[in-house]
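*Asks:* Next come the chains, spelled out residue by residue.
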Amino acid sequence: MPGPIAETLAGLLLVATLVSAVVRPWGLPEALVAVPAAGLLLLLGILPLGQAGAEARSLAPTIGFLAAVLVLANLCDRFGLFEAAGTWMAAGSRGRPVTLLALVFAIASTVTAVLSLDATVVLLTPAVFATVARLRLRAKPHVYACTHLANSASLLLPVSNLTNLLAFSASGLSFVRFGATMALPWLAAIAVEWLVLRRFFAVDLVGHAEPVAQARNPVPVFACVVVVLTLLGFFVTSVLHVAPAFAALGGAVILAVPALVSRRATVRDVGLALEVPFLAFVLALGLIVKAVSIHGLGTLVTHLVPGGTSLGALLLIAVIAAALANLINNLPAVLLLLPAASVAGPGAVLAMLIGVNTGPNLTYVGSLATLLWRRVLRQRGEELPLSEFVRLGALTVPLVLVASTVALWVSLRLMG
Amino acid sequence: MMPAVRIVIWVVEGTWQGCIDAASHGLPSGAQVALLHVTPSDVAEVASAATTGLLGRAFAGRRAVRSFQDVADGAASELLAAAAARLGRQDAELLRRRGRVEREVIRAVVENVDLLVVARDGDHSRLGPHSLGPATRFVVDHAPCAVLLVWPDEPPGIESIPPPPPPGHHPPPYRD
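Going down the list, the protein sequences come from chains P and L. Residue numbers for the first sequence follow my numbering, beginning at 1 and rising by one. Residue numbers for the second sequence follow my numbering, beginning at 1 and rising by one.
Be aware that one or more of the hints could be misleading.
A few chain P residues that don't get close to chain L, going by computed Cβ distances all over 10 Å [as the list claims (entries may be wrong)]:
id: 1; residue: Ala21
id: 2; residue: Trp88
id: 3; residue: Thr125
id: 4; residue: Ala139
id: 5; residue: Val203
id: 6; residue: Ser262
id: 7; residue: Ser310
id: 8; residue: Leu311
id: 9; residue: Asn329
id: 10; residue: Pro360
id: 11; residue: Pro398
One side only, chain L facing chain P, incomplete, derived with CB under 7 Å [to be verified]:
id: 12; residue: Glu13
id: 13; residue: Thr51
id: 14; residue: Gly56
id: 15; residue: Val71
id: 16; residue: Arg107
id: 17; residue: Asp121
id: 18; residue: Pro164
id: 19; residue: Pro166
Derived from the structure by calculation, the hints contain no laboratory data. Fair warning: this is a prediction, and the values are worked out from it, not measured in the lab. For each residue, glycine too, the CB sits at the ideal point set by N, CA and C.
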């Protein structure tokens, strides 16, 4: 097939895949368009089998890692970890809303870093919401904090965000080195979020919770121990040069067996928790982006991403990544930028991650495209006062981008 | 016979106890009382729609939990019941609304309401032009009835008044 036609077709299929992921016609999984699109590219030879195989092999550990972390988080929920966190935050706050917000920050940052942003968005946020409702305090600061930290606090470890997992192997960094380099940027992002949210919501952080009867949720010691051991496993496997995905797999299996025996979860539940359609989507999207990259877009992106690890270069990469993540979604954004960023070195990859991870806080649905589409769908429904969320994002995102990137620059200098 | 005075008390998390206590001192006997709570609609929307950004990672296998809207509605009902009990007026009408808070409050008092009781929110350590929160400010400005603004906590002492400006200092001219 002539180059220009192949290029155009690959580009169109990528656009179709992204549009269907945003629009989700009839709520169907995004794999439904992505998988046939990838198949078509293979069938027409636009993506040569050899290159597709290489791409699939490089994505496989990431996809396995993702599946294990999804199951781990889901099982922690079935053991009552997030309800227990809610009870603990309620007790620790002593009824003071500012103390409660500080505890929400601590828990949301930890859960995001260790069990990924998915766990914070899907599993922790409902527990926080229920806790705040029981305490009869205003929910807004605490819920907005969870949503923001799910993104901003996902910088620390490769497991914290799917974008990190995708970039992890390409960065050439070990698990430990990744975490050590991102510790300062992670802390900087959380500090900026705290300073801004604390001021932004000062009006809503008033009063005192009543000593209402709290639900008693004992801390699930076993699940906590498994999570801590898994975290240690990440570091041990990293030191032994074994894929850290095995530590996640080990944690998931150790938690799954008693969960199945005690009937907290069925085999079907664990199967659903694997999110197979989504894993297929990631693989297909990776292949489509690969096809687009080898047909021209790759060179374009390489020109766009600056080389070097000067502060200016890192900031530019972070801003480009944040802009692209907001235009589409951070997942395709990372796949598009990764080849060019990994050529420029680990510093560039980490700066890109700061952009794609913290940028989406401008919206609460992952990208402006999704936000606009939701507005279109809702036009006849109730009007939502979302200007507040966008205003908050406009305040935090630029500050977090700059603070975290400067912290990364310092970190890279310190680590040598 | 004179029609009974209609009073609406706006109940908000964090300040409602003080608001009810302050209101109960000045309730005229025979007044019809309604207690109003508004759930901001953006919180549940933000919390539930954040999953959209995760694309397909929607945790299909997770156990069922109550929806955010459900939790918020339940909490609002319980708060209104607790407020009625604290006021000692089990006959109070309970008004539960959802939407843009300040606009829903105005909508609730637009007809046949004589008095709206509102707690001062905002930062009480820095009193001044901005010491009312934006929602309260909007309600005070636009309510088509008398508004009673009460301190939900201890009212500040007169020592909170700043010292007078030095001689020769003039406040900036008022601009329309």
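*Asks:* Now tell me, hint by hint, if it's right for this structure.
*Replies:* The hints, checked one at a time:
1. Ala21: violated, 6 Å
2. Trp88: The claim stands: Trp88(P) keeps its Cβ more than 10 Å from every Cβ of chain L (closest is about 18 Å).
3. Thr125: violated, 5 Å
4. Ala139: Incorrect as stated: the minimum Cβ-Cβ distance to chain L is 5 Å, not above 10 Å.
5. Val203: At about 4 Å from chain L, Val203(P) fails to clear the 10 Å cut-off, so the statement is violated.
6. Ser262: holds, 14 Å
7. Ser310: Check passes; 31 Å lies beyond 10 Å.
8. Leu311: holds, 29 Å
9. Asn329: For Asn329(P), whose nearest Cβ neighbour in chain L is about 7 Å away, the distance does not exceed 10 Å, so it is violated.
10. Pro360: violated, 6 Å
11. Pro398: holds, 19 Å
12. Glu13: holds, 5 Å
13. Thr51: holds, 6 Å
14. Gly56: This interface hint holds because 4 Å falls under the 7 Å limit.
15. Val71: holds, 5 Å
16. Arg107: Arg107(L) check fails; min Cβ-Cβ to chain P is 13 Å, beyond 7 Å.
17. Asp121: Since the shortest Cβ distance to chain P is 6 Å, the answer is holds.
18. Pro164: This interface hint is violated because 28 Å lies over the 7 Å limit.
19. Pro166: violated, 30 Å
The structure fails to meet hints 1, 3, 4, 5, 9, 10, 16, 18, 19 from the earlier list, while all remaining hints are met.
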